[in-house]
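Undergrad: With these hints in hand, go ahead and build the complete structure from the sequences.
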Amino acid sequence: MKLTRLRIEQVRQFRQALEITELEPGINLFVGPNESGKSTMVHAIRAAFFEKHKSSSVDDLQPWGDSSARPEIELAFQWQGSGWTLNKRFLKNKRCDLHIDHQHLSGDEAEERLAELLGYSFAGRGASKPEHWGIPGLLWVQQGDVQEIHNSVSYAGDYLQTALGRSLGEIASSSGDALIGQVEKARGQLLTNTGRETGEYKALIAQCDKKDAELAELRQKITQYREQVDHLGNLRKQQQDIDAPRPWQAQRQQAEKAGEQLAEVKRWQAEQEREEQALRQCRQEQALHRQQLRDFQNQANQLAEREKDKQATAEALEDIGARGPRLQAQLKQAKQQYDAAVALYQQARQQSARQALQKEYDQRIENLKQQQDTLQQARDCQAELQKSREKYQAIALDKDSLARLRQVEQQLNELRIRQQTLATRLHYALENGQTITVGQNTVSGTGEALLLETTNIAIPGIGSLRLEPGGTDVAELRRQQQELESDRQSLLQQLDIPSLEDGEKRAEDSQMLNRQIDHLQLRLDSLAPKGVDALSAQVTLLEQQRDAHAEKLKDMPEHNPDLPDEAAAESERDRAHENLKAIEQAHTEHKRELGLAEQAQATALREWQLLNDQLQAPDRKAREQRANDALADLNAEAAKLQRNLEERQQQIDEANPDILQQDVERFTRSADAMEKAAGERSRSIERLEVELDALGAQGLEEKYAALRQETERLQRRRDELARHARALDLLLNLLRDKRQALTRQLQAPLQKHLNHYLKLLFPGASLSVDENLIPTSLTRTVNGGGEERGEVTALSYGAREQMGLISRLAYADLLHEAGKPTLVMLDDALVHSDANRLVQMKRILFDAAQRHQILLFSCHLENWQDLGVSPRDMQALKVNAA
8 MKLTRLRIEQ
18 VRQFRQALEI
28 TELEPGINLF
38 VGPNESGKST
48 MVHAIRAAFF
58 EKHKSSSVDD
68 LQPWGDSSAR
78 PEIELAFQWQ
88 GSGWTLNKRF
98 LKNKRCDLHI
108 DHQHLSGDEA
118 EERLAELLGY
128 SFAGRGASKP
138 EHWGIPGLLW
148 VQQGDVQEIH
158 NSVSYAGDYL
168 QTALGRSLGE
178 IASSSGDALI
188 GQVEKARGQL
198 LTNTGRETGE
208 YKALIAQCDK
218 KDAELAELRQ
228 KITQYREQVD
238 HLGNLRKQQQ
248 DIDAPRPWQA
258 QRQQAEKAGE
268 QLAEVKRWQA
278 EQEREEQALR
288 QCRQEQALHR
298 QQLRDFQNQA
308 NQLAEREKDK
318 QATAEALEDI
328 GARGPRLQAQ
338 LKQAKQQYDA
348 AVALYQQARQ
358 QSARQALQKE
368 YDQRIENLKQ
378 QQDTLQQARD
388 CQAELQKSRE
398 KYQAIALDKD
408 SLARLRQVEQ
418 QLNELRIRQQ
428 TLATRLHYAL
438 ENGQTITVGQ
448 NTVSGTGEAL
458 LLETTNIAIP
468 GIGSLRLEPG
478 GTDVAELRRQ
488 QQELESDRQS
498 LLQQLDIPSL
508 EDGEKRAEDS
518 QMLNRQIDHL
528 QLRLDSLAPK
538 GVDALSAQVT
548 LLEQQRDAHA
558 EKLKDMPEHN
568 PDLPDEAAAE
578 SERDRAHENL
588 KAIEQAHTEH
598 KRELGLAEQA
608 QATALREWQL
618 LNDQLQAPDR
628 KAREQRANDA
638 LADLNAEAAK
648 LQRNLEERQQ
658 QIDEANPDIL
668 QQDVERFTRS
678 ADAMEKAAGE
688 RSRSIERLEV
698 ELDALGAQGL
708 EEKYAALRQE
718 TERLQRRRDE
728 LARHARALDL
738 LLNLLRDKRQ
748 ALTRQLQAPL
758 QKHLNHYLKL
768 LFPGASLSVD
778 ENLIPTSLTR
788 TVNGGGEERG
798 EVTALSYGAR
808 EQMGLISRLA
818 YADLLHEAGK
828 PTLVMLDDAL
838 VHSDANRLVQ
848 MKRILFDAAQ
858 RHQILLFSCH
868 LENWQDLGVS
878 PRDMQALKVN
888 AA
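Take 8 as the starting number for the sequence shown in the numbering used here and just add one per residue.
Read the hints as simulated data drawn from the structure, not as lab findings. Any given hint could be a false lead.
[Stated by the list, open to error] Simulated crosslink set (DSS-like; lysine-lysine; CA at most 27 Å straight-line): (1) K317 <-> K394; (2) K9 <-> K683; (3) K561 <-> K315; (4) K559 <-> K376; (5) K192 <-> K209; (6) K101 <-> K61; (7) K598 <-> K317; (8) K512 <-> K398; (9) K827 <-> K136; (10) K366 <-> K376; (11) K406 <-> K394; (12) K136 <-> K99; (13) K512 <-> K406; (14) K217 <-> K710; (15) K264 <-> K683; (16) K244 <-> K228; (17) K849 <-> K827; (18) K537 <-> K394; (19) K588 <-> K342; (20) K342 <-> K598; (21) K228 <-> K710; (22) K9 <-> K136; (23) K598 <-> K339; (24) K99 <-> K342; (25) K244 <-> K683; (26) K273 <-> K647; (27) K827 <-> K766; (28) K537 <-> K398; (29) K9 <-> K647; (30) K228 <-> K218; (31) K559 <-> K366; (32) K101 <-> K683; (33) K376 <-> K192; (34) K218 <-> K710; (35) K849 <-> K766; (36) K9 <-> K827; (37) K588 <-> K598; (38) K228 <-> K217; (39) K136 <-> K61; (40) K376 <-> K218.
TA: Below is the structure:
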């Protein structure tokens, strides 16, 4: 199949007719940026084949905003030596015409013929969907869908079987399918698809498991019963041998004896603590008297040190007081220098401020001049804008009324065409020199007259004929024409225009004037963003600021060239200030040192006098003697307490109170444990006697025998179904293996074409297909000579695009071998391929183009310049169409 010509009109962005001719039998490359019409062209081709001409769900074909458009598509192609031409119109004047050489088909018949040829179907209601597209849906790839192959093959399956015969048909129509179905059904009653048990088999397994659990529970109860009988006998023997002598009473007597010994030891420990406290107090008093004696000795030593401190502070005070007059003179001089530097800085600062004010004043004069010029331009623009608006108001037309007038004119034109179609046609061929009168007109020669109403035909020398057009349609069209002409006249008067052409001219003039108004408004907004009045107020404010600056300049002193600049004067002031701060800090430091020296001298004199008075006190020697006597008495008492403590501690250690405490706890716990164990044995005996009586009444052995018989019966039935399930599973696997062998035999033609393309992309690789001939896994050689195998769905997006395109081309080759028409259409395919892969894919496309016509649409011209074909620029096609 070779597409030779394409013409589309009033389809989306192609309002004017676009015609493409001389299409190549191989690759046809269409390039252009986004929104240039590539997808529109693809959509138009799809609509021409897939959408019924009567469909009301194709309004997306209309140009945007034009609900009155009548999309029309015409295609011409060659197939098996015959020329086919398809013309389809949608929405308005719906029509479908198909010409095959000299044969003409129309309407549904034409559409069904095309669907039968290419292998697709139509939607029952609404727009066509992918499940209806069949073989073209497999070969005509929409933007972004080249990698999605599974659904396309599924939707084309029936048509592929019809087209390829044995290549797909034998698998679907094999007589073995019925047997496989029967086996699968029988196996399905016992096993699921995943091999898990189901139905009666699953229920029997559950029953057997339940009975096994019940048997295990009964066995456990019987065992437990026997163990409890033995345990009861042991408990009764222990009660007789252990509990009868009441051994816990002897343990409690031993605990009481150990407690009495422990109480005596604790009394000794209390006495020990009291004497330890007395010893600690004695030692504290010893330390106090020793410190008192040391203080008496230290006071004599410290008096000599205080004498030295008193002499040193007096000398330091004299040295510091001698530096005062010199520092006072330096401080006075520094203050005078700082005051002079501050005065000079103030003068220099005033002079600098005058210079800055003068500069600012000059700048404001310049700004004022610019704003005054801008204000004048804004006022001129505002005046021109007002004139343009007044002119626009004078010529503006009501858009709705003008649109209604256009609609009425269009309806009148359509009505005239319908009148010409329905009118009675009078054909005449008169002899030379002969005339007849048709209505008010005299005619001669050969011609045709359209009769829309009752008309008299006068024949000289013969008489007259009266013709009345038949049917009511003509009269109805005449009435509609009168109503429309009345509406047109009313609209012309309302708009105050003589004709629609004058109205269109005025509308165009008003639009131009409106654009001029917008331009003037933009210019005015740029000159005066906040309005002319605001700009005028700003100019007035600038004038006031100019006058205020002029007054300030008058009040400032004149320029003095002898003054230094502000920076130099400020530097001199800062230097004088730093010098003053340094001298002031030195003067302050001197006063602080003098104060500290005076304070140190007074402190040293006060400490010497205090210590000297203490040494000369009359009771000092008596207090020292009393301290020595008290210390001797304390030493004797401490020695006595220490001997008592050592003797009593030896007595306590020999009694070992910790072991006595442990004996009390051990004998008490042993008595409690023995008595508790006896009570628990007694209660256990009572509980076991009750439980054994209850179990003995249940007949456990009889229940176990009956349940075991029922369980064995269920297990035999379960094993029987298990053998049946294994047999069916084995039979099904054998049948499927045979079917798989047949499938591999039938996959060979497709595998051949896949390998043909695949070796150009991955030398030595292979692409596996399933029984539905859908690619599933890719096997290829990796670095090092090994092989890797992976699912196609796990490949990268770009690799899946490449596999999808290769698969579609292989299907096209199968169809070509079967003598079926093929046309490959790719909208922005392979956009995710890297540079190296794209080179190989172009080799594949060029090879496929030797057998199929390919329409390739892309917005990346640079990717396809080496494809061996001349690209068609969509922008240039649109310009030529306009």
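Undergrad: Name the hints, by number, that the structure is in violation of.
TA: Hints 1, 2, 3, 24, 29, 32, 33 and 40 are the ones this structure does not satisfy, whereas the remaining hints hold.
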